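Engineer: Read off the chains here:
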Amino acid sequence: MTDISVQLLYLACGAFLLTAVLVVWRRELAAIIRLFALQGVALSGIAAVLAVHERSLEHAVLAAGICALRAVILPQVVRRALPPTGPARETRPLVNVAASLLAVAVLALLAYVVAQPLVQLSPSPVTRAIPVGLTVVLIGFFVLVTRRRAASQVIGFLLIDNGVTAVALLTTAEIPLVVELGVSLDVLLAVLVLQLLAVRMRATFGSTELDELTELRD
Amino acid sequence: MSVIGGVAAAGLQVLAVGAGAPLLIGVMRQVRARLEGRVGAGVGQPWRDLRKLMRKEPLSPRGTSEVFRIAPLILVATTLIVAAVVPLVTTASPLDSVADLFAVVALLTLGAVALALAGIDTGTAFGGMGASREMTIVALVEPTLLLAVLAVSVRVGSTNLSQIVTSTLDDPARVISPVTVLAATALAVAIIAETGRLPVDNPSTHLELTMVHEAMVLEYAGPDLALVEWASAMRLTVFLGLFAGLFAPWGIATSGSVAALAVALVVFMIKVAVLGVALAAGEVFLAKLRLFRVPELLAGSFVFALLAVVASFFLA
Chain Z
1 MTDISVQLLY LACGAFLLTA VLVVWRRELA AIIRLFALQG VALSGIAAVL
51 AVHERSLEHA VLAAGICALR AVILPQVVRR ALPPTGPARE TRPLVNVAAS
101 LLAVAVLALL AYVVAQPLVQ LSPSPVTRAI PVGLTVVLIG FFVLVTRRRA
151 ASQVIGFLLI DNGVTAVALL TTAEIPLVVE LGVSLDVLLA VLVLQLLAVR
201 MRATFGSTEL DELTELRD
Chain G
219 MSVIGGVAAA GLQVLAVGAG APLLIGVMRQ VRARLEGRVG AGVGQPWRDL
269 RKLMRKEPLS PRGTSEVFRI APLILVATTL IVAAVVPLVT TASPLDSVAD
319 LFAVVALLTL GAVALALAGI DTGTAFGGMG ASREMTIVAL VEPTLLLAVL
369 AVSVRVGSTN LSQIVTSTLD DPARVISPVT VLAATALAVA IIAETGRLPV
419 DNPSTHLELT MVHEAMVLEY AGPDLALVEW ASAMRLTVFL GLFAGLFAPW
469 GIATSGSVAA LAVALVVFMI KVAVLGVALA AGEVFLAKLR LFRVPELLAG
519 SFVFALLAVV ASFFLA
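From first to last, the protein sequence lines stand for chains Z and G. Per our numbering, the first sequence runs over residues 1 to 218. Per our numbering, the second sequence runs over residues 219 to 534.
Chain Z on its own, in the form it takes in the complex:
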């Protein structure tokens, strides 16, 4: 791999990681969704650099598909699940934001430690970026379990998926296009279902704060 393409790959990985951390940092749901769209662009950047490096049309199609799905369609779907009026903010996350940012730092270190055996299997400039993908998976999991609003939990789920896709792109030379297509469609369907659920929940309970659903109402 040439020097400049390695740097572009690492730059895309850096942007990928940066957006994940910013998702934890911000409270406004609209801003979180925008950041998720940006992360989609960074992920398709990773795929595009790999496509140029491998000179494979399949990767290029994959990059375009990722860009369309994760940077445009999914953010649009999640945005439609937001309440049209009222404060669209993550008001009381289970772990406060400063503590979750420190938790993210610990998760990043954990991901680097855990990913070392994977990297040792075939050390190359590409596989050395695997910890970034794993970090995003862990951050997504963290967002999923600590946030209360349905929209930010969906974003957590999608962060996990982005991280998994990044790890897949970085570890394997080739992902069969069919597999990637299937996974992407799966994610799209899941998000559509979740969006429908969130809208129905809001219509029934007037809020999408999931903790309140455990209480009895008359």
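Calculated from the structure, these hints are not laboratory results. Please note that the accuracy of each hint is not assured.
[Said to hold, decoys possible] Label-pair ranges, simulated between beta-carbon atoms:
#, chain 1, residue 1, chain 2, residue 2, range
1, Z, Arg92, G, Ala480, 51 to 61 Å
2, Z, Glu28, G, Ala480, 46 to 56 Å
3, Z, Glu28, G, Leu233, 44 to 54 Å
Remember, it's a predicted structure, so these values are computed and weren't measured experimentally. Glycine included, each C-beta is placed from N, C-alpha and C at the ideal position.
Given chain Z, put chain G in place with the hints provided.
Structural biologist: Leaving out everything else, chain G in the frame of chain Z:
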């Protein structure tokens, strides 16, 4: 490069920072005024303020000790030393060995601590409150500053600022890496907090509940106040220059020739002015954060700095 040339270059840096810092503040205030639809006081206004303050009779409040009187001098002295050693215009300062990352950050912190002590020394409620807030922020900012510059220094293998700048000049492609992206984000937030700009502190407020830096220096008047204001302006200039030098070092002179120094001086002024204008323009769109939200912002920048250090070890 001869020692005399190095001394001249360092003197040039001090002169540029000392004379240019109030002008930078003037430019930033002017940009802000224009964006808010006001005419503005003009670029030279901070200099005119300083001249007016210098002519006044020195006063110090009853009951204050030497700490109060020495603090402005310590602040100015440490800032001038940093202005002389940090590679702003040239990498060949004769005090090169002092331009160590840790020494520079320690010197800048020394000035901040002196001012906080002076704030406590006045014994007024505002002074103590401002000092306590400033120390809270400084304690959270210092680790971020150190980590962010450390991340950039890992690939060089030295914490000497001149060597970091020189190696970036030799290999410009290295600037494009996740390490620099993360470190630049962290350092930008740290600099904004350290120099007391929005959204951490509002430099133009005198409202009791919100001021941080202004509360500490509330008791200063006349020449002492002029020194404090001048030093704050120089700190901002040095920080912006350091930021530009670390992430876009092009134009900094590595030789001692007069032509290279002249070009470097002009480039330095342009870079700092661009950063200052960007900062001022950004501030128009920001409101001050609640004090209790500031640790959140600083924790975020700390995470970026930590990730930058981690990435510099694993990706490079």
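Engineer: Any hints this thing doesn't respect? Which numbers, in order?
Structural biologist: Violated hints: none; all satisfied.
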